[in-house]
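J.: Using the sequences provided together with the hints, build the complete structure.
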Amino acid sequence: MNLRTLARVLAAGIAGLCAAGCSVLPDSIAGLPEQYLGEHVRISADFENVAGLYAGNEVAVLGVPVGRVETVTPRGSYVEVTMALDKNVDVPADAMAALISPQLITNRHVELAPAYRGNGPKLLDGAHIPLERTRVPVELDRILENFDQLGAALKGDNEAGPLASRVLFPLLEGNGDRLRETLDNLSAAFEVTFANKDQIADTIVELNEITQVVAQNDRTVRDFSARLTELVQLMGDQSPGLQAVLVQLDDFVNTTSTLVGENRDQLSGALQRFVTITAQMRANARGLTELVDVGPLFFENLANGVSHEHRAFRVHALLDKALLDNEVLSTFCERVQMRSDGCRTGRVQDFGPDFGITAALLGMMR
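Residues -20 to -1, 1 to 346 (mature numbering (1 follows the signal peptide of the UniProt record, and there is no 0)) are what the sequence shown spells out, left to right.
It is worth saying that the hints were derived from the structure and are not from the lab. Small disclaimer: the values here were computed from a predicted structure and weren't measured. Treat the hints loosely; a few may be bogus.
To be verified - Below, in silico cross-link-like pairs of lysine to any residue (SDA-like), each with a Cα-Cα straight-line distance of 20 Å or less:
| # | residue 1 | residue 2 |
| --- | --- | --- |
| 1 | K102 | P72 |
| 2 | K67 | S24 |
| 3 | K67 | L104 |
Claimed, not checked - Now the in silico label distances, taken between C-beta atoms and shown as ranges:
| # | residue 1 | residue 2 | range |
| --- | --- | --- | --- |
| 4 | A206 | V172 | 48 to 54 Å |
| 5 | G32 | E153 | 27 to 33 Å |
| 6 | T235 | R294 | 52 to 58 Å |
| 7 | E50 | L111 | 17 to 23 Å |
| 8 | M261 | K177 | 53 to 59 Å |
| 9 | G32 | L342 | 46 to 52 Å |
| 10 | G216 | D178 | 45 to 51 Å |
We put the CB at the ideal spot given by N, CA and C, even for glycine.
T.: Here's what the structure looks like:
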């Protein structure tokens, strides 16, 4: 074999290796060109729950798509989500990531907020959003269960007795031994006091020394007494007004006592329901915390959507997701053997200028 033939064989082998590079090389090496020369920035985020989120779902800022979800990986008590964002989209370094459902029953997408305002650090390639800066919506079944619990708690109970019988009796019942033990401890405390009479005598001596110090500062004490006398005289001068206030306060207390006595049973039931409602709120503290935490973000996004210059409200309505059902659309495309991009994305604009009607007719005629 001459050198020319050997060179041709080597060239053919190198060309074959280059053509099969994507399948031969590991994913970490094959993806290097796209990672460093591509048009995407990859970030990751930890979520407590990612129900309804899949690889390929959108990543948006203020409702505008800026990327896609690449991987969803369980990590024990949380789930790690890797996202690819457009390189020309800037996101604040302290941004939060939240799962959003455009409809009640639909796939979710990741919303990054707030939007970048032109200054400050940005999310770079390889950045990570921890679990503390991610939010997930409350599930529908959990909301319905909370409403059921609240309704049961607010339901009236005609068997409830007065407050004393429901609080005082259970408090004292079965606590006789503890009360006796408390009295015994009090008696022992008095015995200790008698046993430490010398220390008490020393305390009296020290009080005598304090009295001597007060006597040495007689002028200061007299000034204080004079000011106190002036205060008493001022209150004496205002006694008619104070007396009227005390009379009104006495009338208020009497009226309140009468009202409470007449509505004792109703107040007892109201207090019991209030305790139950408080327990329900404490049991659902996570949902309330989520509402208080996400509320400012919602109003901030609402404020960002208002155009003060044009006196208008900007809305990005996803009509395609509201009108088209992904499952029904996929079944239809499969039946008519339609290969349009809209079958995969579920967007009306991806079906082409004729909205996919021509392709659908051709598929039904086959």
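J.: Now look at each hint and say whether the structure bears it out.
T.: Evaluation of the provided hints:
no.: 1; hint: K102 with P72; result: 4 Å, holds
no.: 2; hint: K67 with S24; result: 15 Å, holds
no.: 3; hint: K67 with L104; result: 9 Å, holds
no.: 4; hint: A206 with V172: 48 to 54 Å; result: 43 Å, violated
no.: 5; hint: G32 with E153: 27 to 33 Å; result: 52 Å, violated
no.: 6; hint: T235 with R294: 52 to 58 Å; result: 56 Å, holds
no.: 7; hint: E50 with L111: 17 to 23 Å; result: 19 Å, holds
no.: 8; hint: M261 with K177: 53 to 59 Å; result: 55 Å, holds
no.: 9; hint: G32 with L342: 46 to 52 Å; result: 34 Å, violated
no.: 10; hint: G216 with D178: 45 to 51 Å; result: 46 Å, holds
Violation of the numbered hints given earlier is confined to hints 4, 5 and 9; the remaining hints are satisfied by the structure.
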